[in-house]
Amino acid sequence: MPYMKGEPMNDNKEMKSDAALEVSRRDFLGTIAGALSAVALVIVADDAVYIASGAEPGAPLPAGGYDPDKHSYVYVIDITKCIGCGSCVRACKAENNVPDLFFRTWIERYMVSRSGEVSVDSPKGGYDGFDPSITGDEITKAFFVPKMCNHCSHSPCVQLCPVGASYRSPDGVVLVDEKRCIGCGYCVQACPYGSRFLNPETKVASKCTWCYHRITKGMRPACVEMCPRGVRKFGDAKALHDEVSEIIATKQVHVLKPELLTEPNLHYLGLSMEVR
Amino acid sequence: MLQESLNFVFPNDFHIMWSLMIVIYPYVTGIVAGAFIVSSLYHVFGRDELKPVGRLSMVASLAFLLIATTPLLLHLGHPERALNIVITPHFTSAMAAFGMIYTCYLTLLTLEIWLVYRKDIIMVAARSRGIKRVIFSVLSLGVYDISEESLRIDHRAIIVLASLGIPAACILHGYVGFMFGSVKANAWWSTPLMPIIFLFSAVTSGIAMIIILYQSLMRLSGQKIIGECVQSLSRWLWLFTIMTVTLEMLEIISLAYKKGEEWLVIGPLLGTKLAFPFIAVQVVFGSLIPIVLLAIVVLMKPFLTNPLRNTIAFVASLILLIQVFAMRWNVVIGGQIFSKSMRGFRDPYVPELFGREGALAAIAIFITPFVLLAIFNKFLPMYETSDEPSGGESA
Ligand code: SF4
Ligand code: SF4
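Quick mapping for you: the protein sequence lines, in order, are chains P and A.
The first sequence begins at 1 in the working numbering and counts up one residue at a time.
The second sequence begins at 1 in the working numbering and counts up one residue at a time.
Errors might be hidden in some of the hints.
Which chain A residues face chain P? A few, computed with CB under 8 Å, are given here [claimed, not checked]:
hint: 1; residue: F10
hint: 2; residue: N12
hint: 3; residue: D13
hint: 4; residue: L76
hint: 5; residue: G77
hint: 6; residue: A82
hint: 7; residue: T92
hint: 8; residue: H155
hint: 9; residue: V183
hint: 10; residue: R343
Below, computed lysine-lysine pairings styled on DSSO-like, alpha-carbon distance capped at 27 Å [to be verified]:
hint: 11; chain 1: A; residue 1: K258; chain 2: P; residue 2: K257
hint: 12; chain 1: P; residue 1: K203; chain 2: P; residue 2: K179
hint: 13; chain 1: A; residue 1: K184; chain 2: P; residue 2: K203
hint: 14; chain 1: A; residue 1: K184; chain 2: P; residue 2: K257
hint: 15; chain 1: P; residue 1: K257; chain 2: A; residue 2: K273
hint: 16; chain 1: P; residue 1: K70; chain 2: P; residue 2: K238
Ranges between beta-carbon positions, derived for each pair [stated by the list, open to error]:
hint: 17; chain 1: A; residue 1: L299; chain 2: P; residue 2: E259; range: 43 to 49 Å
hint: 18; chain 1: P; residue 1: G116; chain 2: A; residue 2: L308; range: 56 to 62 Å
hint: 19; chain 1: P; residue 1: H241; chain 2: A; residue 2: M17; range: 42 to 48 Å
hint: 20; chain 1: P; residue 1: P132; chain 2: A; residue 2: A275; range: 32 to 38 Å
hint: 21; chain 1: P; residue 1: D69; chain 2: A; residue 2: F370; range: 52 to 58 Å
Quick caveat, the hints were computed from the structure, so don't treat them as lab data.
Built from N, CA and C at the ideal position, the CB exists for glycine as well.
All chains should be built: construct the whole structure from the sequences, respecting the hints.
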């Protein structure tokens with residue numbers, strides 16, 4: 001599926017590095033590129049099936065069915081497993097009609113060299129996966145970090161919205177009331193994670209909803225559904241024997257920018273200190 | 001130590017979203033608050049030397065207040081829903097208070113101006129005929145009593161309103177600073193100093209605007225510029241400029257000294273993308289030069305002629321208006337240049353020329369208050385035409 005016309009949206013300079021430097025990174029990313037192309041085949045076939053079976057955004061809720069008070073959603077991303085294939089980004093774009101240039105979820109690639117140099121990129125938000133990247137340095141660790149709205153319990157975006165269009169539902173999902181939003185963009189400024197954007201078509205704030213139209217019907221978010229490696233896990237802390245809450249309760253998980261005390265409900269396994 | 005190459009922005013962070021309009025907005029409200037403070041120096045604090053600008057500063061404050069919402073409306077994605085801020089305000093948001101603060105201040109200011117001009121309005125109504133007479137009779141609200149006693153009551157009411165107006169003006173503008181200062185996601189904005197810096201620079205821009213307006217008004221209407229008045233304004237301006245610049249510099253120095261995570265990106269930002277608007281325009285040209293010029297006006301008074309001092313004060317005021325604009329630009333635009341990834345800068349922002357949030361719209365907004373002032377002055381002069389005390393104005 002062609003992603004978009006026009007230029008690459010993320011001007012990450014290391015993607016344009018010197019041809020002379022194009023050697024040492026190959027080993028590391030060769031593995032990933034291999035895995036990627038293998039997975040890509042599966043995904044292309046999968047995408048079609050998935051989209052055909054998925055719930056449409058805005059589809060009505062089951063009659064008398066959904067009670068937000070009975071849920072408390074949580075999400076875990078296992079960084080150690082992510083291969084940067086971008087399936088989740090494509091699934092999200094397709095499922096939620098995300099406008100060109102913007103992302104409800106995206107993947108960042110981190111490469112840390114022995115000398116401590118950190119380089120990060122996210123070409124097209126990782127929509128097309130990642131090409132092998134070449135740096136002149138010896139890379140000692142590299143990993144992918146999927147990002148999205150953290151559905152913070154103390155979300156600055158909700159706090160700062162002047163009209164209450166951004167709100168936190170009792171089930172823990174942070175949502176935007178598109179009919180009430182005045183498009184001031186204050187919440188976009190307020191989100192420390194770059195999760196929000198003003199939709200250029202509707203002129204209102206937009207962001208990840210954990211596929212609210214799906215989860216309220218008992219389905220999982222599209223990104224979770226489509227991840228071939230089980231990196232993304234979606235759970236409900238109010239459900240019995242919930243795997244995801246169990247991980248959060250028992251494993252060494254981490255959140256992004258914990259110093260801001262936004263209390264994200266998105267947790268990471270294997271997060272490294274370079275990630276912001 | 002982690003080393004950074006500043007080339008990664010979050011994918012959603014590629015453009016600068018708050019535009020020139022959001023620069024204009026605090027700039028205009030700053031002038032509103034600053035001009036009002038000048039009028040209060042006369043009405044409340046009895047600085048009699050400021051009597052010649054007592055009315056002008058009040059009316060100027062109103063003229064700028066009347067257009068203060070325009071840049072916001074032009075910026076909103078859904079301006080037709082703007083009233084939601086008043087109908088369904090969300091009180092944990094600083095922005096939600098805007099409607100109320102604005103309305104309170106507008107009411108207060110209009111009432112005060114009416115009281116100050118009440119006698120003039122009645123006189124104009126009595127002197128004129130036809131439509132003008134009708135309009136001015138309506139403006140007098142049917143109260144024609146201009147006895148000593150009633151003017152004395154007016155006078156007392158004016159002092160009360162002007163006193164209430166001081167905190168109102170401070171809140172009006174302090175809240176604008178708070179709007180930025182309370183965004184903890186943005187290291188360049190998020191400092192408790194922000195509202196204070198905004199307030200001080202607001203007063204600076206207000207006094208500077210009054211010095212310019214006063215001298216222009218006097219020239220245009222062939223009146224004499226009263227040196228004492230300009231001298232006093234210059235002294236206040238000097239004081240407020242020094243305090244503003246000190247606060248602005250303290251903020252940068254403490255960021256640079258603490259060298260927190262934010263300095264990784266703010267340091268390079270000041271050295272590259274903001275080198276011109278911040279270091280060259282705001283600090284060197286906009287702050288140092290006026291401080292020196294005003295020092296000359298204030299400290300070398302016995303050696304300089306009145307017209308020369310007036311001219312120097314005029315020039316210093318013009319530069320300070322540019323300084324304050326640069327400060328707003330550097331806060332609003334500068335604060336958006338670096339991505340929240342703290343690892344890179346967004347695409348540069350150049351305002352479009354035409355278009356809703358473009359430079360022409362901004363210029364039109366900025367010119368409007370001057371047009372409003374000219375119209376107002378045609379009917380109700382903003383300077384004292386004779387010695388007769390009007391509207392219980394003398395403090
Ligand atoms: S990640 Fe950003 S948009 Fe999502 S809840 Fe937190 S502050 Fe709001
Ligand atoms: S853009 Fe919409 S949701 Fe965001 S703060 Fe403004 S009104 Fe609220």
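Pairwise beta carbon distance, P132 (chain P) to A275 (chain A), judged against the given window 32 to 38 Å: holds, 36 Å
R343 (chain A) as chain P interface residue, shortest Cβ-Cβ below 8 Å: Since the shortest Cβ distance to chain P is 6 Å, the answer is holds.
Distance restraint hint 43 to 49 Å, applied to the beta-carbon atoms of L299 (chain A) and E259 (chain P): With a Cβ separation near 48 Å, L299 (chain A) and E259 (chain P) satisfy 43 to 49 Å, so the hint holds.
56 to 62 Å as the expected CB spacing between L308 (chain A) and G116 (chain P), which holds or is violated: Taking Cβ atoms as reference, G116 (chain P) and L308 (chain A) lie about 60 Å apart, which means the hint holds.
F370 (chain A) and D69 (chain P) - C-beta distance against the hinted 52 to 58 Å: Holds - the Cβ-Cβ distance for D69 (chain P) and F370 (chain A), about 57 Å, lies within 52 to 58 Å.
Agreement of K258 (chain A) and K257 (chain P) with the hint, judged by alpha carbon distance not exceeding 27 Å: With a Cα-Cα distance of about 19 Å, the restraint between K258 (chain A) and K257 (chain P) holds, given a limit of 27 Å.
Straight-line alpha-carbon gap K257 (chain P) to K273 (chain A), limit 27 Å: holds, 26 Å
Minimum beta-carbon distance criterion (8 Å), G77 (chain A) to chain P: For G77 (chain A), the interface hint holds, since the closest Cβ of chain P sits about 2 Å away, which is under 8 Å.
Assessment of proposed distance window 42 to 48 Å (beta carbons of H241 (chain P), M17 (chain A)): holds, 44 Å
Hint check: 8 Å Cβ-Cβ cutoff, F10 (chain A) to chain P: holds, 3 Å
Restraint satisfaction for N12 (chain A) [CB to CB of chain P, less than 8 Å]: With a minimum Cβ separation of about 5 Å from chain P (threshold 8 Å), the hint on N12 (chain A) holds.
Cut-off 8 Å, beta-carbon criterion: hint that L76 (chain A) touches chain P: holds, 5 Å
In this structure, the one hint that does not hold is number 8.
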